[in-house]
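First to last, the protein sequences are chains D and R. According to the numbering used here, the first sequence is numbered sequentially starting from 1. According to the numbering used here, the second sequence is numbered sequentially starting from 1.
There could be a bad hint or two in this list.
To be verified - Subject to a maximum C-alpha distance of 20 Å in a straight line, what follows is the list of computed EDC-like cross-link-like pairs (lysine to aspartate or glutamate):
1. 127(D) - 91(R)
2. 231(R) - 153(D)
3. 400(D) - 380(D)
4. 102(R) - 116(D)
5. 45(D) - 101(R)
Unchecked claim - Far from chain R, by Cβ distances over 10 Å, these chain D residues were calculated:
6. 19
7. 31
8. 71
9. 241
10. 245
11. 267
12. 376
The hints are simulated quantities; they were obtained by calculation from the structure and are not laboratory data. The model shown is predicted, which means the values in this text are computed figures rather than measured ones. Even for Gly, the Cβ is constructed at its ideal location relative to N, Cα and C.
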Amino acid sequence: MGNRVVITGYGIISSIGMNADEVLHSLMDGISGIGEITKFETIHKGKLPLAEVKRSNEELLELCCLKSKKKYSRTTLLGIVAARQATEMAGVKPGQSYRTGLVSANTVGGMDRTEDFYPLFLENLAKGKLSEVINHDCGDSTEKIAEYLGICDLTTTISTACSSSANSIMFGSELIKAGMLDRVIAGGTDAVTRFTLNGFNTLMILDKEGCCPFDENRAGLTIGEGSAFLVLESEELALKEGKKIVGLLSGYGNANDAYHQTASSPEGIGAGLAMAKAMEMSGIVPGNINYINVHGTGTQNNDLSEGMAVQKLFGEYVPPFSSTKSYTGHTLGAAGAIEAVISLLSIQHNCIFPNLRWTTPMKELYIRPVTTLLKDIMVEHVLSNSFGFGGNNSSLVLSKYNPR
Amino acid sequence: MAYINGIGIISPQNTLPGSDFLEPVVEHTSEFLKSIEPVYKSYIDPMASRRMSRLIKMGISSAKICVQDAGIEMPDAIITGTGLGSVEDTEKILGELSKEEKFLNPTPFIQSTYNTISSQIAINLKCHQYNSTYVHRCFSLESCLIDALLQIEEGTAVNVLAGGIDEMTLNHLSIIRRLGLWKREAIRNLDLWSSKVPGALAGEGAAYFIISEERTDKTYACLAAVETLYKPESTDKTAETVVRFISENGLKPEDVDLVLMGNNGNEEHDRICNDVIEHALPSASHMVYKHLCGEYHTVSGFALYLAANILRKQFIPSSLPCLPKSPGKLQNILIHNHFWNTDHSFILVRR
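Isolated chain R (complex conformation) (with noise of 0.2 Å):
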């Protein structure tokens, strides 16, 4: 157990620095929902930021903010989660070596390396301590969450910087979208609860959290624990696993208020999310919020930003309705997620 004493994210919604929770709702009708970005020479030298791709400036910005969120000065930890890494340096290499192999541009070959996220935040900010880069599909965050909670439960470190981060580019969609799971044609991201296209949208984002030891006046929430199952034998075994889950962290299935869903617009996917948690948890109030940011590794980062906040505010933006109605309390919220059903993520969140 710990506590989320800083938030740094940024998303395909308002949620820089300044911005009312979610206020107003961002629509996207592109292919994916992208990230707004900050102005990234308020958080990294003009120099340095020229010759960097998007994802990296994404993750060094998100990681400052953070940290000045946190009022800290220097994390003990430096943890980063990436389902892809950078996929636009990725593509710009493998595009060179497309038609011959030479010599390539190297800062592409640099930046495509998955570690360059954790280090580009150490460099900036010259950070010495423990740093780490998960890289497991929808595991990635969470990974680095259970490193972080282990880290403080063992007593290494009190601050930690976990973050999670990925981006999406056209020709990794075009990839993605030919194996038939996801939408084939840009819809408007508020109606993808309603939209006829099949399939799930693909969005982007990085949230970065301080984790830490003690409540202070900074805290948002209590990251209770974190668990992650792969390759269920079927959804019955799944709910078993979160009721033992919740059970473990001394709850009952009546004590979580709310759960928020993994659901991204694919049927099949959908339709198991909609199983687990009403195997499991029948009476828990839930919504649905991948409309706001879309799917990708590590959206489990934009989840526990909005647990996060709803905890500490005791409040829930408009464009997030509950089903089938709004909790009676905000005490604990569950969040599950997965990846295509191989995949399964708990993250126990408590005011």
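The shape of chain D in the complex, shown without the other chains (with noise of 0.2 Å):
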């Protein structure tokens, strides 16, 4: 066995909560995120929910201690919060000699504002103010959640749709191994846009009443936002430190469904490659994991593919599993990262939050997802799935830190 990529610290914004403790409480709760529009500006308030970060910008720069907007994409300040509250827990500060990189996930960058300088910029080439537009690309936000953390060491971003922040938490992993780095920051973020709520409503995959994962009558996905990142070590440099352990990164995997841009495989061949290499890599088997956090978005296509590739590996034991997409909506880039800060406190806690909205078993199925909150439940191995458009389909199996 190698060096083992171990995990110090967490931090998360959502719907839910605007760090561990509050999201901790809604998914002990039942408490969901999605509801009727309030923040957003968008002519579906009222008709499509979507699950807010119930802060507006101005609200999420005076947490983050900064002055001026202008710079920011909401994107980018929902992920210096959740990062803030990593690196403050790892207890990682700038000028420790430690080779500490970031890695960040997102879908569409700062569109947020690209979206409000277009109107003006088309009318006439030379209008539309240009700060709203230099935060556009993917990389700006990393680049200044780097820039706050003070991290100068390797700085990159991932982008592969609904996967993204499962990327960049096994990407993170893989240059700590090589011995790249000693530590990786890694995760994800994304805000509400016009452009990925128009675009999904255009693919008529939006529930007019809010998800309900693996449910019969499930009508489609929610969007949310949010950010998570996981602060990475080298189990070595954690133990060196005397740092609190929190959870181990045990395996993942990523593979591609290689069938179709939109719809996933019916029988789902990349998730279930991506989890079989996920749980190959943590050295246990099926029988070993605790709960599934699955993907579980809503949409018809996606839970019937995942539900069949779990079934298929898990046979007749399937071990608990919900989408906790119920409460925190699909929030695109940051769900990889959100659902392992979930994972991580499932294991921390002994519990496995419920389904929320589940009352119809789906009749391809004969797995039912976990409806109740379950406590006192030894969590040992969890499965988190992201499945992204293009059949970037990625599993993270989190783990029980147990000293060697």
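Two independent chains are provided; combine them into the complex using the hints.
See below:
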């Protein structure tokens, strides 16, 4: 066994809480963040639900102790909040001599500001405030977060649609295992934008009532926003520094469905491969998994394909599973990291969170999600799935940390 | 360390299969250097390509050219770097949304997603393996190469398909021109280094590489190492990084025979390129190349294509004059690039 990668900190901001404590309470109490649109400007207000972070950009700026709002997209602000929590928990400070990298992820970068820029610009190519468009690319928010945290080693951004931040956690771990970096702050961030909301609406996969994953009558996903980051360190360094280790990133797998740009294969080929690879790296068999935090978007296609893949891989003994997107909405580029944090909360607090709004079993599947909070359950290994458009499927195995 | 065993490149120069290494040089006089595209039906089913935007077609084609060039059946991983993804598709959606929120044309929305290129390549090759996309300015391709090297070194892949791709559009050009860093009018690309019009010259291109574990008769060169540096405090710090980087790879400054410089025509940008290399590698020959391909986020792909071919052919085309003189030998090439002095990248390529 080579160098193990452990988790020494995490941070999260989402529609169900401004930090991990608040998120845990919402998860325990069954309080969903999905609801009527309150902050976001759109014609869909009152018609489509969202899982918004209930803070304005001004409030987020204040939370980050930042002054100018011009330079920051909402995606960046959410990212700073979560990354700061993670580094504070792990005791990561600028100026320490360890090689520290930042691997972030998002799906549309600073689109929330670009879409404000564009109407004026299209009327007249010399018009539109440039300060609104310079945040457009996906790397911008990552660099702002790096600057805020004082990180100057390897900094990069991944975008693989809805699996983006699962992949940033994987890549972060690889960098540590290879000895290129001592620790990596890895995760993702995405804010709601009109671009995304109308895009998904066009594909007719938004549930007007709020998503109900793995339900026979599911009608689509609900867009959410948020951010989460993990602090990954080599076990050796964490032990040397006497850090509190909150979990082990024991395995991960990335595979491609190679089927269709927006649809998953009916039998979930890529999903099955990703899960199998993750468990193989973790050195465990399906029977060792205590909980699956499924991707479970609530679309017809995903839940069927993912469900088929889970049934095939786990056979008769499928562990308890739930989609916590029924709380957070689908946070796209942030989803993998948000669900990794939720998986860690499950391990730390020995509980499994329910799949909200589920009533009717899917007729194609024999498996049923967990619908009530399961407490006092030994959760040693969690499989967390993140599957994206383009067949970009990734799975993580997060495990309870046991010293060797 | 790994080997470059295949290349597929679509660029503003003669780089398609069957062309002679950059001969003849292509002159461009329009607003930006546009890629010379292949006949797509040779690579993509015409029914499928009808709905694809230009970037997606360039991506799939260059990836397929690359895999054919390497003579392999199937890569073990597909990794793409792109600074901006499909600009054309993104603009279509933004244009539609500028008037009002409504049902959009779904195709541009789907294609605007940054991972579309990597996943379309996977669908085309029916490749179920590792698949990822990096989207970080001028670290986009470099991150792919780092990922590829890690996978080769860890033994999780034998052949990795890794590449960088970006496109330019007139609307996008009109935005970046207003930032003051780019040329505000069209010039002849071959006059880039003597032009009185200030600023960088924009370009585009796609370049994929098969990065392999083993040296074969297909090998162009050895991809020794890749490093990125974010926000260096000073030019001295950047130069120190260069020296440390090459020494970690067992080389002394005088062992670097040739540097592919990141100069793009912007005076301030070019001054930084010159200062860094002058400090770090005073005795190395150097050459500029962006008059051939223009500036874009994943331009290092064009540079890596040049370095790999120069090392394999042991020959430097006449369109790439070396200063102060031609190198005496061609063993070690360093590619340096930077994004407005914030993101610096270094790629070491060896014979």
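Cross-check of the supplied hints:
| no. | hint | in the structure |
| --- | --- | --- |
| 1 | 127(D) - 91(R) | holds (16 Å) |
| 2 | 231(R) - 153(D) | holds (9 Å) |
| 3 | 400(D) - 380(D) | holds (5 Å) |
| 4 | 102(R) - 116(D) | holds (16 Å) |
| 5 | 45(D) - 101(R) | holds (12 Å) |
| 6 | 19 | holds (27 Å) |
| 7 | 31 | holds (29 Å) |
| 8 | 71 | holds (14 Å) |
| 9 | 241 | holds (24 Å) |
| 10 | 245 | holds (23 Å) |
| 11 | 267 | holds (12 Å) |
| 12 | 376 | holds (38 Å) |
In summary, this structure violates none of the numbered hints.
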